[in-house]
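Q: So the chains spell out like this:
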Amino acid sequence: MTAVRLRLNGAVVADDVPPRMSLADFLRERRNLTGTHLGCEHGVCGACTVLVDGEPARSCLMLAVACDDREVRTIEGFAGDLVMEALRRSFHQCHGLQCGFCTPAMLITARDLILRRRAGSEHEIREGLAGNICRCTGYTNIVTAIAEAAKEIAKEASDGQ
Amino acid sequence: MKAAAVDYVRPRSLTEAIDRLAAAPDEARVIAGGQSLLAMMNLRLASPALLIDIVRLPELLAVTDDADAVTLGACVTHAAIEDARTPDPSRGLMPRVASTLSYRAIRNRGTIGGSLALAGPAADWPAVFAALDAEVTVLGPNGRRALKCAEFATGPYETKLTDEEIIESLRIPKLSAATRWGYVKLCRPSALFADALAVAIVDPGRDLARVVIDAANGAPLSLDDTASLVGAGQRDLAALRSAVGADLDRASDRHFDEFERSLHTVAAMRAVQQVTA
Chain A
1 MTAVRLRLNG
11 AVVADDVPPR
21 MSLADFLRER
31 RNLTGTHLGC
41 EHGVCGACTV
51 LVDGEPARSC
61 LMLAVACDDR
71 EVRTIEGFAG
81 DLVMEALRRS
91 FHQCHGLQCG
101 FCTPAMLITA
111 RDLILRRRAG
121 SEHEIREGLA
131 GNICRCTGYT
141 NIVTAIAEAA
151 KEIAKEASDG
161 Q
Chain B
1 MKAAAVDYVR
11 PRSLTEAIDR
21 LAAAPDEARV
31 IAGGQSLLAM
41 MNLRLASPAL
51 LIDIVRLPEL
61 LAVTDDADAV
71 TLGACVTHAA
81 IEDARTPDPS
91 RGLMPRVAST
101 LSYRAIRNRG
111 TIGGSLALAG
121 PAADWPAVFA
131 ALDAEVTVLG
141 PNGRRALKCA
151 EFATGPYETK
161 LTDEEIIESL
171 RIPKLSAATR
181 WGYVKLCRPS
191 ALFADALAVA
201 IVDPGRDLAR
211 VVIDAANGAP
221 LSLDDTASLV
231 GAGQRDLAAL
241 RSAVGADLDR
251 ASDRHFDEFE
261 RSLHTVAAMR
271 AVQQVTA
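Order-wise, the sequence lines are chains A and B. According to the working numbering, numbering within the first sequence proceeds without interruption in unit steps and concludes at 161. According to the working numbering, numbering within the second sequence proceeds without interruption in unit steps and concludes at 277.
Since the hints were made in silico from the structure, they are not lab data. Just so you know, even glycine gets a beta-carbon here, dropped at the ideal spot from N, CA and C. Among the clues, some could well be false.
What the hints assert, rightly or not - Far from chain A, by Cβ distances over 12 Å, these chain B residues were calculated:
1) D53
2) G205
3) R235
4) S262
What the hints assert, rightly or not - Computed beta-carbon distance windows for the label pairs:
5) R7/A to D195/B: 36 to 44 Å
6) A11/A to D195/B: 44 to 52 Å
7) R144/B to R126/A: 39 to 47 Å
Take these sequences, add in the hints, and give me the full structure.
A: Have a look at this one:
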């Protein structure tokens with residue numbers, strides 16, 4: 001067991017974990033944060049994407065011990081985040097999910113695309129989503145939902161100026 | 001699947017990391033971004049007894065920008081290069097390449113040193129850094145040595161790095177303003193490994209002309225006849241195509257089938273045409 005101490009969704013947590021435990025398993029099994037989903041467990045499906053130090057990362061391709069002193073944010077940790085709220089509304093309105101398995105990671109990836117200004121066109125959004133697989137194949141509505149949220153955020157930003 | 005049981009250490013200095021590795025070179029694996037190693041561990045294709053985590057070592061994150069080259073620490077991430085958070089010696093080539101590697105979530109963690117050390121046969125950096133005439137510095141118990149990237153990879157997943165050495169940094173010469181480069185990657189789903197990949201660079205200011213292909217059944221392959229022609233200003237497509245053909249013929253140890261040969265020719269010709277256009 002190795003001691004690990006990290007900031008998780010704003011709160012400091014400390015635990016002892018076996019070094020082989022992935023961040024994903026740590027989140028789900030030790031912290032009960034089951035919004036992080038595990039599909040392929042080798043970095044291909046994207047379902048386990050979380051933020052590590054503010055940047056999207058595959059939680060199946062990070063060890064929990066390697067997150068010592070880092071900041072991790074999961075889908076449960078976005079209350080009050082304006083971009084995430086816009087995305088949630090938009091996914092609801094545009095029917096951007098069916099079974100919901102890929103949705104938490106789709107939202108986290110989409111938020112990153114919008115914040116990095118990489119959601120300006122359908123092509124850009126599709127490129128940015130290439131690493132997140134939806135096995136319901138609901139991409140059309142997911143892309144529409146992200147485009148709508150990006151437009152809303154851009155409008156709010158220009159209205160606010 | 002889940003990774004097999006493993007021990008984990010995070011040394012505080014590069015020297016300590018070298019000592020740890022030298023103590024158990026057969027059982028230990030160095031981990032940086034871990035974007036390939038952890039996938040292989042989860043699939044049980046790799047089961048090291050000890051992981052030595054180097055990704056936060058300040059020595060490996062150092063970046064220096066001098067008159068004729070940029071030196072990047074081995075643990076600089078693809079995303080840092082994509083976002084130009086590090087100085088770009090390559091006149092846009094490196095950020096462009098970085099933006100096409102896998103997915104952003106992987107680029108945020110994956111490192112250039114990790115990519116060179118793994119030497120995946122269809123990876124972008126080994127070919128690009130070879131074409132840029134970059135030099136890799138490795139550190140081991142017997143000290144430091146510098147190796148040309150063009151000679152660093154010796155085959156698929158094989159390099160000149162010994163089991164006791166760690167990649168420290170990468171020195172990339174600055175391209176001059178007159179440089180033209182081309183970069184072409186043929187892959188069906190975006191962001192996956194390439195079926196064929198070509199990079200061409202002509203820098204009259206540094207007398208550099210290189211054409212390198214990858215995903216070529218081995219280490220990155222230099223197309224020397226083609227590079228000489230492109231460097232000499234040849235624009236005749238038939239002449240260039242026959243030079244590519246001669247270069248591919250010479251690489252008989254790669255055993256290209258007709259389809260692969262055709263893919264590599266298309267990739268190389270498109271990259272060359274980006275230079276000559």
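Q: Run the structure past the numbered hints and jot down the numbers of the failing ones, going up.
A: The structure conflicts with hint 1 only, although it agrees with all the remaining ones.
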